[in-house]
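Student: Sequence:
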Amino acid sequence: MKLAPLSCLRRVPPRMSHNGQMSYRYADAQNLEFRIDYLEPTKEQPFSFRQVFAATRKGNPHQGSFFTPPPHYHLLQDEHFIVETGEGIWHLEGVREVRLRSGDTLKVEARKRHWFEVAPNSTEDLSVVYFYDKGYKDMEDRFFRNLFGDMADRRRAGMDISIFQLSVFCLRFWMPIGLVKVGPEWLKLVLNTCLMLILAFVGECMLGYKSSYDEYYQPGSKSK
Numbered sequence: 001m002k003l004a005p006l007s008c009l010r011r012v013p014p015r016m017s018h019n020g021q022m023s024y025r026y027a028d029a030q031n032l033e034f035r036i037d038y039l040e041p042t043k044e045q046p047f048s049f050r051q052v053f054a055a056t057r058k059g060n061p062h063q064g065s066f067f068t069p070p071p072h073y074h075l076l077q078d079e080h081f082i083v084e085t086g087e088g089i090w091h092l093e094g095v096r097e098v099r100l101r102s103g104d105t106l107k108v109e110a111r112k113r114h115w116f117e118v119a120p121n122s123t124e125d126l127s128v129v130y131f132y133d134k135g136y137k138d139m140e141d142r143f144f145r146n147l148f149g150d151m152a153d154r155r156r157a158g159m160d161i162s163i164f165q166l167s168v169f170c171l172r173f174w175m176p177i178g179l180v181k182v183g184p185e186w187l188k189l190v191l192n193t194c195l196m197l198i199l200a201f202v203g204e205c206m207l208g209y210k211s212s213y214d215e216y217y218q219p220g221s222k223s224k
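For the sequence shown, full-length UniProt numbering gives the first residue as 1, with consecutive numbering after it.
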C-alpha cells in the first residue's frame with residue numbers, strides 16, 4: 001500500500017467505466033462533441049487512433065476544444081499526423097505554424113515541442129489520425145485511455161484538470177508538458193522534463209493519484 005500523506009487534498013471525479021471500448025464520444029466545450037476512435041492494429045501501426053474535433057458552428061465562434069492537447073514533447077518517439085477532414089493549425093517549437101487540410105500529413109520528431117488546434121475559420125470537423133514511429137502499444141493504449149477517461153469525467157463533474165494527475169499519466173508515457181516557456185528550446189526541454197518528474201512525484205507519492213485506473217484501462221482486456 002502506497003503512503004499518500006496529502007491524499008486529503010486530492011480531488012477526483014466520479015469515475016465512469018470507459019474500459020475496452022473502441023470508440024468514445026465525450027461532451028466538449030460549447031455543447032459540442034469530441035470523438036476518439038481506437039483503430040485496429042496492423043503490423044506497421046500496432047497502435048493508432050483517430051480524434052475528431054468539432055469545428056465552428058454557424059453563429060457560434062469556435063473557442064477551442066476542452067480536449068485540445070497542450071504544448072508537449074515525446075521523448076522516445078516521432079509522432080505522425082494524417083488529416084482526414086477539416087483544417088487544423090500545428091504549432092511547432094512555439095514559433096512555426098503549419099496549416100494542414102484534408103489529405104495532408106506531418107511528422108513531428110521526438111523531443112520537439114508541439115501542439116495543434118482546429119483552424120478558427122474551419123467549418124468542417126477536424127479528423128486526425130495519429131501514430132508513432134516506435135510502437136509501444138501497451139504504453140500508448142494505457143496512457144490515452146486513462147487520459148481521456150479522466151478528462152471526460154472531470155468535465156462531467158465540473159472539475160478542472162489536475163496538473164498532478166496529468167503529470168503522473170505523462171511520466172508513464174515519457175511526454176513532458178510544455179509548461180516552461182522561456183529560454184532556448186533545449187533548456188525548455190530539460191526544465192519541462194524535470195518539472196514533470198517533480199509534479200508526478202508529488203501527484204503519485206504525496207497525493208495518491210494513480211498512473212492507471214481499472215475504469216479506463218485493464219491490460220489484456222478485449223476491445224468492444
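These aren't lab readings, by the way, just hints derived from the structure by calculation.
Accuracy of the hints is not assured; some may be wrong.
For each label pair, taking beta carbons as the anchor points, the in silico distance ranges come out as [said to hold, decoys possible]: (1) K43 <-> A4: 16 to 26 Å; (2) T42 <-> D104: 13 to 23 Å; (3) R156 <-> W186: 17 to 27 Å; (4) T85 <-> P41: 16 to 26 Å; (5) Q21 <-> Y136: 19 to 29 Å.
SDA-like mimics (lysine to any residue), calculated; alpha carbons at most 25 Å apart, straight line [said to hold, decoys possible]: (6) K107 <-> P69; (7) K112 <-> H18; (8) K137 <-> P120; (9) K112 <-> S102; (10) K134 <-> D78; (11) K210 <-> H18; (12) K112 <-> V95.
Glycine is no exception: its CB is placed at the ideal position from the N, C-alpha and C atoms.
Student: Does each hint fit the structure? Answer for all of them.
Tutor: Each hint tested on the structure:
In this structure, K43 and A4 break the distance hint of 16 to 26 Å, their C-beta atoms being roughly 42 Å apart. Against the hinted window of 13 to 23 Å, the Cβ-Cβ separation of T42 and D104 comes to about 21 Å, which satisfies the hint. The hinted range of 17 to 27 Å is not satisfied by R156 and W186, whose Cβ atoms lie roughly 39 Å apart. Checking the proposed 16 to 26 Å range against T85 and P41 shows it holds: the Cβ atoms sit about 23 Å from each other.
Judged by the Cβ atoms, the range 19 to 29 Å given for Q21 and Y136 holds: they are separated by roughly 21 Å. Restraint check for K107 and P69: the C-alpha separation of about 16 Å stays at or below 25 Å, so the hint holds. For the hint linking K112 to H18, the alpha-carbon distance of about 31 Å lies beyond 25 Å, and the restraint is violated. With a C-alpha separation of about 33 Å, the suggested pair K137 and P120 falls outside the 25 Å cut-off, and the hint is violated.
Distance hint between K112 and S102 is fulfilled; the C-alpha atoms sit about 24 Å from each other, no more than 25 Å. Between K134 and D78 the alpha-carbon distance is near 7 Å, which keeps this suggested pair within the 25 Å criterion. Note on K210 and H18: the hinted pairing holds, with a Cα-Cα distance of about 16 Å set against a maximum of 25 Å. Pair hint K112 plus V95 holds up; C-alpha atoms about 12 Å apart against a cutoff of 25 Å.
The structure is inconsistent with the numbered hints 1, 3, 7, 8, although it conforms to all the rest.
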